[in-house]
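Student: Letter by letter, the chains look like this.
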Amino acid sequence: MGDANKTDVWQGTLALMVLRTLETMGPQHGYGIARRIEQTSGSQLSLNYGTLYPALLKLEQEGAIASEWGVSENNRKAKFYRLTPAGRKQLEREARDWRQAQAILARFLEPTEDAS
Amino acid sequence: MRILRAWAIRLLGLFGKQRREADMAAEIDSLLDMHTADNLRSGMPQEQARRAALLKLGGTEALKEAYRERSTAPVIEHLMRDFRFAFRQLAKSPGFTATAGLVLALGVCASLAIFAFVDAALIQPLPYPDPARLVQVTETSAEFRDANISLPNYHDWKRMNTVFRSLDVFTGSGFLVDGPTGAEPARAGRVSSGFFRTLGIKLLLGRDLTEADEPPGGPHVVLLTYGAWRQRYGGRFDVIGRAVRLSGEVYTVIGVLPEDFHFPPMPRAEFWTTLDSTGECATRRSCHNLDAVARLKDGVSVAAADADMKTVAHELEREYPDSNRGYSASVIPEAEALNGPFRPILMVLMAGAGLLLLIACVNVASLVLLRAEGRRREMAVRSALGASMPRLLSQFATEAVVLAAAASALGLLLTRWATAGLKALIPADMALQMPFLLKLGLNSRLIAVAALLALLAAAIFALTPALHLVLSRMSEGLTEGSRGSAGRAWRRLGSRLVVAELAVAMVLLAGAGLFEKSLYRLLHVDLGFQPDHLATIVVGAPNVHYGSNQQSIALAREVVRKLDSLPGVRSAALTSVLPVSFNGNTDWIRIVGKPYHGGHIEVNERDVSSDFFRTIGAKLVRGRYFSDGEDLSQPKVVIVNQTLANKYFPGEDPIGRQIGDKKLSPKSLKTIIGVVDDIHEGALDSPMWPAEYHPFNQDPGPYFEVVVRTSQKPEAVLPELGRAIHQLHSDVGTMGEATMEGRIADSMTAWLHRSAAWLVGAFAVAALLLGVVGLYGVIAYSVSQRTREIGVRMALGAQQRAVYQMILRDGGRLALFGIALGAAGAVIAGTLAQSLLFGVRSWDVETLLAVAGILGTAALLASFAPARRAASTNPCDALRME
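Those sequence lines, one after another, are chains A and B.
Quick note: to get my numbering, add 39 to the position in the first sequence (first position is 1).
Quick note: to get my numbering, add 650 to the position in the second sequence (first position is 1).
In case anyone wonders, no lab produced these hints; they're calculated from the structure.
Each statement offered as a hint is correct.
Derived DSS-like pairs (lysine-lysine); straight-line CA-CA distance at most 25 angstroms:
(1) A:LYS118 <-> B:LYS706
(2) A:LYS97 <-> B:LYS714
(3) B:LYS808 <-> B:LYS960
(4) A:LYS116 <-> B:LYS706
For reference, chain A alone in the conformation it holds in the complex (with noise of 0.2 angstroms):
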C-alpha cells in the first residue's frame, strides 16, 4: 500500500521533470532525459529505467510527447521523445500547480512562534 502511494506521487513529479527536461534540452532520447534529471538533481536522484519508461509511455499515450526513431551524437540508433503544443500546455499548468502547492507547503512547514 505504502509503495503504491509512493510511486503515485513520484510518477507525478516524475512527468513534470521529463517534460521540464525535454523543453530545455529538445527532442531527446530516454537515456539522456535520465541523465539529465539526475544531473539537474545534483545526483540526489536515481533514476530508475524501469520507472521512467512507462512514464515515458503514459505521456506518450497522453499525447504529451511524441518519440521516433533517431541517430543520437555518437552515432546510435536510439529513440528521440519531443515535447508535443498539448505537452507544453500541461508542463505550464502542472509547473504553476506545483509552485503553488510547495508555497503551501514551506508557509505550514516554516518554524513559527506563535502557533496555538
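Go by the hints and put chain B onto chain A.
Tutor: Below, chain B without anything else, positioned relative to chain A:
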C-alpha cells in the same frame, strides 16, 4: 480527453503486439549501449561497464513487464484469456456444446423468423412518403364496421372536412384487353384524380391524373403499372399518348407508375383510370362502392380527424336520412387498415415462438446446470487453491456468453432460410395482398433482437449455475459423502425447470390442438350446399356489346347452355357472387304489411340463374325454384334464405308475401316464391346473414360467376371452361378458374387458420420433444445419483416392480405438475387468442384432455428408460460402486 486518448491507444495496443515488443527491445538495447559507452568513457573496464548499465536498468524483464502493463489493458487481456478458456472448455465437451447450441439456435431462429414477419408487417412503415399521415376513411354502420363510401357522400366529405390535406377514393374494376387469344380480363383501379398525389407516388413516365380528367366530360385516360407497361407494351417509351382499346372503348395512355408501386387493396390492378360517374350507382347516395384514403393536415391527429369526420357524417345523416341513417364515419391509420388484419395471427405466432424459445432456454439452462454439477469437484479444488468466488462465477459467465452468442449467431443465420421457407408457404395470390413481404429480411432491428436474445440467454445460463454454486456450499464438493445432499439440491432445481418446460409444452400443444380443431370446424362448416365436384369461373363481357339487359341475358343463356353440353359436366348455373366469398353486395329491403320505422333491413343480394340451387346442391325448404322464363316481362319474384325467413317472418309462411325497396315503390315489389336453406355466402368464419336471391334474368348484367357440377374430378374440367366460353365469343373475358373446394381451402380465412394450426403445431412438436428430453435428463440423473440407494433397497428385498413404480412415480409427478400448470396457462392463452379461434372455446375439454394424454404418455415413455435401468441394477454392483 487525455485519459480517453490514452485508453484508446491502450485498447489498440491489444493488437500489433509483436511490433511493439521489437520496438521496446530495440529501445532497451540502445539505452544499454549508450549507458555502457558512457561508463567506458568514464574509465570502467568493458565487463563492468555493461554490468553497471544492466544493474541500473533494474532487470530487463521487469522493465518489459512494466512497459507491457502500461501499453495494453490488462483487464481485457484477462477477459480474453477467460474467453479462450471458455472456448477450450466448450470444445472439450462437444456433445453438450452441440446440443445446447443447437437447441438454443432453434429457439432463436424460430423467434427471429416470426419477428421478421412482425417487423415487416407491423413495425416497418408503409412504402409511401410520410406514411404516418396516411389514413383510411370508411363509413360505419351497425352491420359493417368499415363500409365502402358512396360517391355523393365522398364529394360532401371532401367539401365539409377540415382535417385532410387531401381525401381520395378508389375502387376495383376491370377491363377486357385485346390479347393474342382474344379478350383477356385485366384488373384495373378507378380512382379520384388526386389519389396518387395523396399516396405520394411520383410517376415514372408521363403525367398524373388531374381534375380536368375527371368525368363527366373528361377524356378517357389511363395510367399503366410498371408491370403492365413492360409486359403488355414492351416497355416502350412512345406508349405515352398512345390510344389503347379497353373493353371496346378507346383510352389514351398518359403515364406509367413506378416499379415499386404497390397498393395492397388492389394488388393486381394493371390499369388505373378515373372514377365511373355515369352509372346509376354514382348518383345514388346509398350505393357504397368506394374506399377512401386521406392525408392528414400537419398537426392533426388521427383521433381529431375521426371526431371531425363523425361530425360531418352526422350532418349528412340529418340531411339525407333515407340513405344515411345509421351511417357514421371512421378514420384509422392506413398502416393499421392494411396490415391490421395480420396482427392477431402474428401476435399468436410470436407468442408461440417466444414460448418455444423459453423452453429451449430452460432446456439449455438445465444442461448447463447438469454440467456445473459435474464440475463441482473442479470448482471446489480451484476455490480451495484460492480462486475467488467472482473469478469462478466470471468463468461460468464467459462460457455462457460464448455459448449464447454462438447459438444466437447461428440462429440468425438460419433465420434467412426460415423466413424464406415461411414466405414460400404463402400462396402467390395471398402474397400479393401482403406487400410487406417484400421488406422481409435481415435488418438492424432483427440483429438487435438477436443480440438481445443472446444477452438474455447468456444471463440465464450464467445465473443458473452461479445461483447453484452460491446456494450449495463450496466446500461440500471436496467431501465424498456430500454427494447425496448436493445431488438432491440439484434435483430440486432441475425438477422445477422440467416442470416449467412441460408446462410450456402443454400450453403450446393445447394451442396447436385448439387451432387444429378450429381449422377442422372451419373447413366443416355447414355450407348449405355440396362443395365437392363443383368447378367455377368468372365471366366478364364488355359493356359496349353486352351491356343491355337483352344482351346480358342472351350471353348468360349461351354460356350456361355451352358449359352444360361439355362432357363431364352435369349442370351449369351462374350467380352474381359465388358462395363463400363475402357478406356484402347488399340490398335494403322493406316488407309489405310489416310496420316500418325507417331503419335499414340489410340483406345479401344475389342474382342467380334458374338452375343455380339445383347445381350447387342447396336444399329448398318450401315453395319453388325460379324458371328460366322468369325475366323482366314477368312479375318479379324472389327466393329468401332460412335466416331471412326466421328473422322477419317468425312463425309465418313467407311464401306469397311481398318485399320491396325502402319506399315500397311499385316497380321494386317482388313476391317471395321459395325459401332455401341457408347457403354460406360470407367467408367461412362469418356469421350467416339474411339473403335474397333474384332470378338473373330479372336483374341481368354482363359480369357473372359460373358454377358447374361435374361427374368426375372438377379439376379436369377447369381448362375446358374458359376455352368453351372463348369459342362462343372471343371478346368475352374469363378468369379465376378454380374448384369450389379449392376456392374454400385457399380462402384467406382458411389460410390464416391453417398457417396458425401448422406453425403452432410445429412449435408444439419441438416443445414436446425438448420437454420430454428435459424430463428424461432429470429422471436419468436422479437414477444415476440414487444407484446406491436403489441397490440397498433391492438388497433388502425390494421387487423390480417397486423400483419401476418408484421411478415412474417420480416422472409422473413432475409430468402431472407440468400438465396441470400448463392446462391453466393454455386456458389463459386460448382466451387471449379467442378472436382467432372458430367454433371452439379456449377451455375445450376434449382438446385439453387429448393434449394432456399425449404429454403424459410421452412423459411416461421418457421415464421408462431410466426406470428400466434402475430396476435392472445389480444390488452387489451398486453397493460396491462407491
